[in-house]
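Participant: With the numbering used here as the guide, the letters of the sequence shown map in order to residues 15 to 190.
Treat the hints with care, as some may be off.
[Claimed, not checked] Computed beta-carbon distance windows for the label pairs:
#1 Val185 with Ile104: 13 to 23 Å
#2 Ala164 with Arg112: 40 to 50 Å
#3 Asp148 with Met67: 39 to 49 Å
#4 Ser106 with Leu42: 29 to 39 Å
#5 Asp17 with Asp48: 22 to 32 Å
#6 Val89 with Arg120: 46 to 56 Å
#7 Arg80 with Ser106: 43 to 53 Å
Simulated from the structure, these hints should not be mistaken for lab results.
Here a beta-carbon is modelled for each residue, glycine too, at the ideal position from N, C-alpha and C.
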Amino acid sequence: MLDAMVTASGQSFGAIVSANLAALVDGLGLEISDAEPLTQAFIERGRGMTATMLWEFLNAGVRVSRDLWTVFDTVDVLLTPMLASAPLPIGSFPVDHRDADLQLDRMAAFAPLAALANISGFPAITLPFGADADGLPLPVQMIAPMGQEATLLALAGQLEQEGRWQHRFPVAGLAA
Numbered sequence: 015m016l017d018a019m020v021t022a023s024g025q026s027f028g029a030i031v032s033a034n035l036a037a038l039v040d041g042l043g044l045e046i047s048d049a050e051p052l053t054q055a056f057i058e059r060g061r062g063m064t065a066t067m068l069w070e071f072l073n074a075g076v077r078v079s080r081d082l083w084t085v086f087d088t089v090d091v092l093l094t095p096m097l098a099s100a101p102l103p104i105g106s107f108p109v110d111h112r113d114a115d116l117q118l119d120r121m122a123a124f125a126p127l128a129a130l131a132n133i134s135g136f137p138a139i140t141l142p143f144g145a146d147a148d149g150l151p152l153p154v155q156m157i158a159p160m161g162q163e164a165t166l167l168a169l170a171g172q173l174e175q176e177g178r179w180q181h182r183f184p185v186a187g188l189a190a
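Full structure from sequences and hints, please.
Facilitator: This is the structure:
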């Protein structure tokens with residue numbers, strides 16, 4: 015059941031991003047040629063979407079929320095990995111192409127459960143929880159039932175107190 019929710023939320027995410035970019039560019043009278051190739055592809059995808067198509071994607075997002083709600087009948091909080099692998103080097107998601115589906119697939123492969131929290135509207139929090147062999151933070155994501163933001167913050171505070179990840183180098187404004 016979670017797999018279907020993840021797939022549907024990813025598809026809804028892509029449609030919403032496309033429609034919003036197209037509406038933004040068209041609403042402000044911007045030139046699509048000023049955008050990078052990948053953004054142009056998302057704008058064109060949004061422009062090509064019918065109202066019925068967008069409505070179906072939005073409804074799929076609502077169904078994700080409904081289905082996720084039932085998960086919390088037996089679970090207090092979902093604790094998931096945020097990423098499928100260690101953080102990738104800068105440039106791992108190139109934007110110099112026009113393949114929106116490829117980009118969405120790459121994003122879903124790297125952060126498979128991110129769209130689930132974003133589309134469902136359930137409160138979620140992501141925080142570092144350990145490090146990989148190179149010392150890069152490995153994040154976890156917690157998703158809670160509607161109205162349980164305080165639960166997430168309390169759990170995040172408990173995990174943070176365990177000290178599973180620390181800044182390797184001083185950060186401006188933070189104690190060393």
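Participant: Run the structure past the numbered hints and jot down the numbers of the failing ones, going up.
Facilitator: 5, 6, 7
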